[in-house]
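Peer 1: Sequence:
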Amino acid sequence: ATQEQIFQAVCYTVKDVIIDNWLETQNAYKEQDPKTVYYMSMEFLMGRALGNNLINLTAYKEVKEALDELGLDLNVIEDQEPDPALGNGGLGRLAACFLDSLATLNYSAYGCGIRYRYGMFKQQIKDGYQVEVPDNWLKNGYPFELRRPEYAKEVHFGGYVDVEYDPAIGSNKFVHKGYQAVKAVPFDMPIVGYNNKIVNTLRIWDAEPIVDFELDSFDKGDYKKAVEQENLARNIVEVLYPNDNHMAGKELRLKQQYFFVSASLQAAIAKYKKNHKDIMKLHEKVTFQMNDTHPTVAVAELMRILMDEEGLGWDDAWSVTTKCVAYTNHTIMAEALEKWPVELFSRLLPRVYQIIEEINRRFVLEIQEKYPGNYDKIKKMAILYDGQVKMAHLAIVAGYSVNGVAKLHTEILKKQELKDFYEMMPEKFNNKTNGITQRRFLLHGNQLLADWIKKRPEMDFYPRTFIFGAKASAGYARAKKIIKLINSVADVVNNDASIEGKLKVVFIENYRVSNAEMIFAAADVSEQISTASKEASGTGNMKFMLNGAPTLGTMDGANVEIVDEVGKENAFIFGLSADEVINYENNGGYDPRVIYNTDDEIRQVLTELVNGTFSSDTELFRDLYNSLLNQNGGERADQYFILADFRSYAAAQKKVEEAYKDEKGWARMAMLNTACADWKNSPYRKPLILKGVRQVGKTWILKEFGRQYYENTAYFNFDENEEYKQFFETTKDVNRILQNLMLASGQKIMPEKTLIIFDEVQDCPKVINSMKYFCENAPQYHIACAGSLLGIALSKPSSFPVGKVNFMQIDPMTLSEFLLANGDKNLSVYLETVDTIEPIPDAFFNPLYEKLKMYYVTGGMPEAVKMWTEARDVTAMQEALSGIIDAYERDFAKHPDISEFPKISMIWKSIPSQLARENKKFIYKVVKEGARAREYENALQWLVDARLVHKIYRSSAPGLPIAAYDDLSAFKIYLVDVGLLRRLAQLAPAAFGEGNRLFTEFKGALTENFILQTLITQFEVVPRYWSQSNPPYEVDFLIQRENDIFPVEVKSEANTTSKSLKKFKELFPDKVKLRIRFSLDNLKLDDDVLNIPLFMADQADRHIG
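Anchor point for the sequence shown: position 499 equals 499 in UniProt numbering, and the numbering is continuous, going up by one each time.
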């Protein structure tokens, strides 16, 4: 079998599963009768379906494995699929992402578009020029589509309108006559929801002639008329966005738009009437979302159907229409807001034009009534003006909702481009920032992304590759010339030996979804460099962000919201602001020649456009050169302010270079861009509960999170304001609770925009329990809780709603974090970059050793660290630790059984003594002479639940899971923080200067506590220890990492004799792949013993792996 045959076979196998789900979905919709959205778009940039469908069916891995067994590669099979040529740019990709999301969220939805036979075009680059060739994606058929001739509709063009008296209704009616008719035949493509068995439909319309061939005309010699009907139908669906530089092109575009809109509306109303008799209630079950101005003829066509075919009067038809249609605006560029010549529109769609005339007449009367004598308002807002039909105005007047696609874009619409409409009907305007399908562009697109090694040679210019991908509309000469320039620059740069590989320019031919997936996954930087105020939203920026690429861009489109999410420090912003650009456009004051004449480098760059640097034809790029410097008719010089932004752009590139050299900082930015505010933006977000001991920094973290990622924070402390508890005791209505909190505190709470912090909730079971109702009934409110003894409260099964909250554990600062706080970023970064097992140079080893001793003194509690790192005040640091310990000891009294208070206190104070013993196994008699387990185990468990101590059980053997081998009668107890242990043991900071004394003090207890503290935060499973009594051997810790058990020995000096590790391997030779030793010796691997310096303990997981 050929690869194409294998591809078809796999697709039809998958399609069988999809069709079963498809039928079940349609049957369920029929039974449930939900409201259905018809998403009308001129383009749907779907991308390849096979891989996406398998992911959404959650069958990708299984199918890949099954094909592997047959000797077939799924990746090769996927590459046989052509990208369906149904779209071109962000508009179409957004439409595709919407359909995926609607199916995943269980909404009943249809996508409505055209089944283009050749799409926009397939781009080829020849001699650097774009060449358009047909994109024959249907050459071999398309397995994921179904022809549905039973739902075919007629669409009429041209002709004239007669008025006839209808005795049945006793009034005149309008009759369309003398028209040309085309048959619209739907092809349905399945849209598979993610892991929910929902399959919605993308319905794309093909055009067929009503009469295939007029033999009579042919016989009479009128050969053109013989095939006229066939040509009319074929032309409508031939290509996306035919060149409209001439009247024939404009006419074809308008035909396309009316063709799919009319067919879709007819089908939707027919579907509605199958189960509903009252057409006046259409809006209760149907809504039409118009994706940009292309489908906005739907307003008048729906009116035509309701009046001429359903018999409604004007007022009733208008009432239904204005409740059924909504409009998404994608651009503030005036040239992209469609306008049709009245002569063309009225000739091609005579009845529809009559209806638009009447809509306009009535709307102008409304304008005059609201703004009497203000003819400027009519000029700016009329649907018909200066011989043009303004489609955006039609959509706004009729739509119940008008949305922009990014926060900045929507504000510009309201304040500038559509200001008059906003002032007249502000209730219609809202923002819906564009989104993307993360599964395609992360789970699928980044699936095979391998780790790569970044070289760091010493050079002034950091090596980089610039990747370009774009298509220019066939009639857009300047855009095509820019593509030629990019390729000409690439020819020069890539073949210049003096550059020595430091710079490369690549242009991706025929840019489309399938190769975009790879580019998004591999890119390090996302360049989003539209002139501020010109890009509505953009979605490529989101796809790059999703894959970890920081944004280098202007404050335009969705970049604004991306920066809001990740913080300005995690993006590279340059250029004029939207306000500055708009001010120049309205008031003048910008002359690019000033920059050209005063900036030698910019002048050189522009000169190279016309001096033969990039082409022997010095006139080839003259138009681009002139556009930057010279006014041309009504076009301003440098209308996109490229020269004004250039220096700022170059400076931003320099910042990118410096940031990229900082591996840790860059990785942090990448992670923030991939998972920034992951909880905040997750569709599965639940109320968040932060767990951690008192004064570990929970409240600060939440307030800082709110400051960075929300418009405001509403903070409620239930310890300081106990009266707040009453609001939760009297009702479960979350809206009422929030209203009471706002009134009582004077704080503002806005859905999605406010972080609501409930602090000190440990003694408020009703507050904790209310999280269930916030999760289920009010997910639009973002709630985060914290409390000092939440571990105690949450240990009671009835005190919190299982499955209705997200948890996050906050632990004391690690040594790496301490280094950053102490101003030793170079040491912290060095630790992160060590990726080979070889000795640490003395230049790093010695200072890290000294910093570790400092950390033993301060520990990782933020207040103590702050006292040391900011003020170097030993006394203040000691007092901070004492204050924390005092607070903990006051908390002991909060045990519900007051008799447990002295027991908790005695156990707590005994811990230094317990750890000072040679055998650190916890002994109750150390707490109090004669003490027994049954008397003190509840008190000990209270400390464990409060997470003030860690309880480490003895393991009888290194089996999996490790918990199955716990000896519950033997355990060791460690403190939550090494600094607190030092203070509790009353070991003076002076030991800091006494050699290794800190490490060896009371049998190395500080060191062992420190290592346990680092292991707890790195490994999912709590460590154990192993010992035997005769002869006595003890391995300090056992760690379970996935399906391996590693024995760990802790040495407080450079002495690396490891008798217990040796004995452990003798007893369990098949269980030990690697033995771990932490000590003051250097990093090295001795046989199967990995020695990790103590100061590298919080990097252990990485080095073990």
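Just so you know, these hints were derived from the structure itself, not from any lab. Careful, some of the hints might be misleading.
To be verified - Using 25 Å as the maximum straight-line C-alpha spacing, the simulated BS3-like pairs for lysine-lysine come out as follows:
{"no.": "1", "residue 1": "K1073", "residue 2": "K1059"}
{"no.": "2", "residue 1": "K370", "residue 2": "K35"}
{"no.": "3", "residue 1": "K748", "residue 2": "K432"}
{"no.": "4", "residue 1": "K1084", "residue 2": "K1071"}
{"no.": "5", "residue 1": "K753", "residue 2": "K725"}
{"no.": "6", "residue 1": "K748", "residue 2": "K504"}
{"no.": "7", "residue 1": "K725", "residue 2": "K748"}
{"no.": "8", "residue 1": "K732", "residue 2": "K753"}
{"no.": "9", "residue 1": "K928", "residue 2": "K909"}
{"no.": "10", "residue 1": "K504", "residue 2": "K534"}
{"no.": "11", "residue 1": "K285", "residue 2": "K271"}
Peer 1: All hints are to be evaluated individually against the structure, with a verdict given for each.
Peer 2: Hint by hint, here is what the structure shows:
no.	hint	in the structure
1	K1073 with K1059	17 Å, holds
2	K370 with K35	35 Å, violated
3	K748 with K432	23 Å, holds
4	K1084 with K1071	22 Å, holds
5	K753 with K725	24 Å, holds
6	K748 with K504	52 Å, violated
7	K725 with K748	19 Å, holds
8	K732 with K753	23 Å, holds
9	K928 with K909	11 Å, holds
10	K504 with K534	28 Å, violated
11	K285 with K271	11 Å, holds
In summary, the structure is inconsistent with hints 2, 6 and 10 from the numbered list given earlier, while agreeing with the others.
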